[in-house]
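Fit chain B to the given chain A structure using the hints.
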Amino acid sequence: AQSVTQPDIHITVSEGASLELRCNYSYGATPYLFWYVQSPGQGLQLLLKYFSGDTLVQGIKGFEAEFKRSQSSFNLRKPSVHWSDAAEYFCAVALTGTASKLTFGTGTRLQVTL
Amino acid sequence: DTGVSQDPRHKITKRGQNVTFRCDPISEHNRLYWYRQTLGQGPEFLTYFQNEAQLEKSRLLSDRFSAERPKGSFSTLEIQRTEQGDSAMYLCASSYSGTSGRARNTQYFGPGTRLTVL
Chain A
1 AQSVTQPDIH ITVSEGASLE LRCNYSYGAT PYLFWYVQSP GQGLQLLLKY
51 FSGDTLVQGI KGFEAEFKRS QSSFNLRKPS VHWSDAAEYF CAVALTGTAS
101 KLTFGTGTRL QVTL
Chain B
1001 DTGVSQDPRH KITKRGQNVT FRCDPISEHN RLYWYRQTLG QGPEFLTYFQ
1051 NEAQLEKSRL LSDRFSAERP KGSFSTLEIQ RTEQGDSAMY LCASSYSGTS
1101 GRARNTQYFG PGTRLTVL
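Protein sequence lines, in the order shown, are assigned to chains A and B.
All letters in the first sequence, in the order written, are residues 1 to 114 by this note's numbering.
All letters in the second sequence, in the order written, are residues 1001 to 1118 by this note's numbering.
Honestly, the hints are just simulated from the structure, not real lab data.
Glycine residues also receive a C-beta, built at the ideal position from the N, C-alpha and C atoms.
Some hints here could point you the wrong way.
Residues from chain B that keep clear of chain A, each with C-beta distances beyond 10 Å, as calculated [said to hold, decoys possible]:
hint, residue
1, T1013
2, N1018
3, T1020
4, H1029
5, G1042
6, E1052
7, E1056
8, S1058
9, S1062
10, R1064
11, E1068
12, E1078
13, Q1080
14, N1105
15, R1114
16, V1117
Incomplete in silico selection of chain A near chain B, CB under 7 Å [said to hold, decoys possible]:
hint, residue
17, Q42
18, A86
19, F90
Capping the alpha-carbon separation at 25 Å, the derived lysine to any residue pairs in SDA-like fashion look like this [said to hold, decoys possible]:
hint, chain 1, residue 1, chain 2, residue 2
20, B, K1057, A, Y32
21, A, K61, B, T1002
22, B, K1057, A, K61
23, B, K1057, A, Q2
24, B, K1011, A, E88
25, B, K1057, A, S3
This is chain A alone, in the form it adopts within the complex (with noise of 0.2 Å):
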């Protein structure tokens, strides 16, 4: 079964300063990849997707991710982290093809001081 793993449980970064965060999945082939963000009591919204072709993707609010397939890696990026990006982040897989159900790591919580 595939999986996803979000090795930073809590990231603090300072407002200004750059912010990677990691995302490695377990998969029999290469899946279809997501980043979601989520703030407090809200629903998930979509970052970025990669689907096939450039590995280096741009999404909303100046995030990119760079699918590494000899890592198994979907690692998002900001070169400039603003307060507003708090939130908590979530990277998914689901099945190329049929692309149902996604599966979620288990989130990275970010923390931007002032």
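Chain B alone, transformed into the frame defined by chain A:
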């Protein structure tokens, strides 16, 4: 495109009562998903529909849980004889499984229904 909506946003119930949640997907989406999220965890898949057909159910979906999507539009999730362990956020998402378009096979989530079982 008004997004995925869920009702109610919050539900407090006593153990043993039945509860029903509603999800309205994005109008052109043919797939609808239910997930459950407990505190400090990522969402876990419960079930999904393509049009009105329920195509997959997780083993998390005990026989106290039932989901329907009778006309391929909105869906309901019912929990019978609620238990304290059912307390969670219930999330609905929708997508379309077309063969083209940037948004295909991409799930968009509603705001969730927070269930508290006392």
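Results for each hint:
Against the 10 Å criterion, T1013(B) stays outside the reach of chain A, whose nearest CB is about 18 Å from its own CB. Distance check for N1018(B) against chain A: the nearest CB is about 24 Å away, which clears 10 Å, and the non-interface claim stands. The beta carbon of T1020(B) sits about 19 Å from the closest Cβ of chain A, which is more than 10 Å, so the claim that it is off the interface holds. Against chain A, the non-interface label of H1029(B) holds: every CB pair exceeds 10 Å, the least being about 13 Å.
Annotated as non-interface, G1042(B) brings its C-beta within 10 Å of a C-beta of chain A; the closest such distance is 3 Å. With a closest Cβ-Cβ approach of about 16 Å to chain A, E1052(B) is found to remain outside the 10 Å limit, as its non-interface label requires. Its closest Cβ contact with chain A, about 6 Å, brings E1056(B) to no more than 10 Å, contrary to its assignment away from the interface. With a closest Cβ-Cβ approach of about 8 Å to chain A, S1058(B) is found to fall inside the 10 Å limit, against its non-interface label.
Against the 10 Å criterion, S1062(B) stays outside the reach of chain A, whose nearest CB is about 17 Å from its own CB. Non-interface status of R1064(B) relative to chain A is upheld: no Cβ of that chain comes within 10 Å, the nearest being about 20 Å off. With a closest Cβ-Cβ approach of about 18 Å to chain A, E1068(B) is found to remain outside the 10 Å limit, as its non-interface label requires. With a cut of 10 Å on Cβ distances, E1078(B) stays outside the contact zone with chain A, its closest approach being about 20 Å.
Non-interface call for Q1080(B) relative to chain A: holds, since the shortest CB-CB distance, roughly 23 Å, exceeds 10 Å. Separation of N1105(B) from chain A is inadequate, the least Cβ-Cβ distance of about 4 Å not exceeding the 10 Å criterion. Interface exclusion of R1114(B) from chain A breaks down, the closest Cβ pair being 7 Å apart, not more than 10 Å. At the 10 Å boundary, the C-beta of V1117(B) stays outside the reach of chain A, the nearest C-beta of that chain being 18 Å off.
Against a cut-off of 7 Å between C-beta atoms, the interface hint on Q42(A) holds, since the closest Cβ of chain B lies about 6 Å away. For A86(A), the shortest C-beta to C-beta distance to chain B is roughly 16 Å, which exceeds 7 Å, and the interface hint is violated. Hint status for F90(A) relative to chain B: holds, with the closest Cβ pair at about 5 Å, below 7 Å. A C-alpha spacing of about 20 Å is found between K1057(B) and Y32(A), which places the hinted pair at or below 25 Å, so the restraint holds.
For the given pair, K61(A) sits about 20 Å from T1002(B) by alpha-carbon distance, which is consistent with the 25 Å threshold. Straight-line distance between C-alpha atoms of K1057(B) and K61(A) comes to about 34 Å, which puts the hinted pair past the 25 Å bound. Distance restraint check for K1057(B) and Q2(A): the Cα-Cα separation of roughly 17 Å lies within the 25 Å cut-off, and the hinted pair is therefore satisfied. Our distance criterion of 25 Å between C-alpha atoms is met by K1011(B) and E88(A), whose separation comes to about 23 Å.
Taken as a hint, the K1057(B) and S3(A) pair is honoured in the structure, with Cα atoms around 18 Å apart against an allowance of 25 Å.
Consistency with the previously given hints fails for numbers 5, 7, 8, 14, 15, 18 and 22, ordered from lowest to highest.
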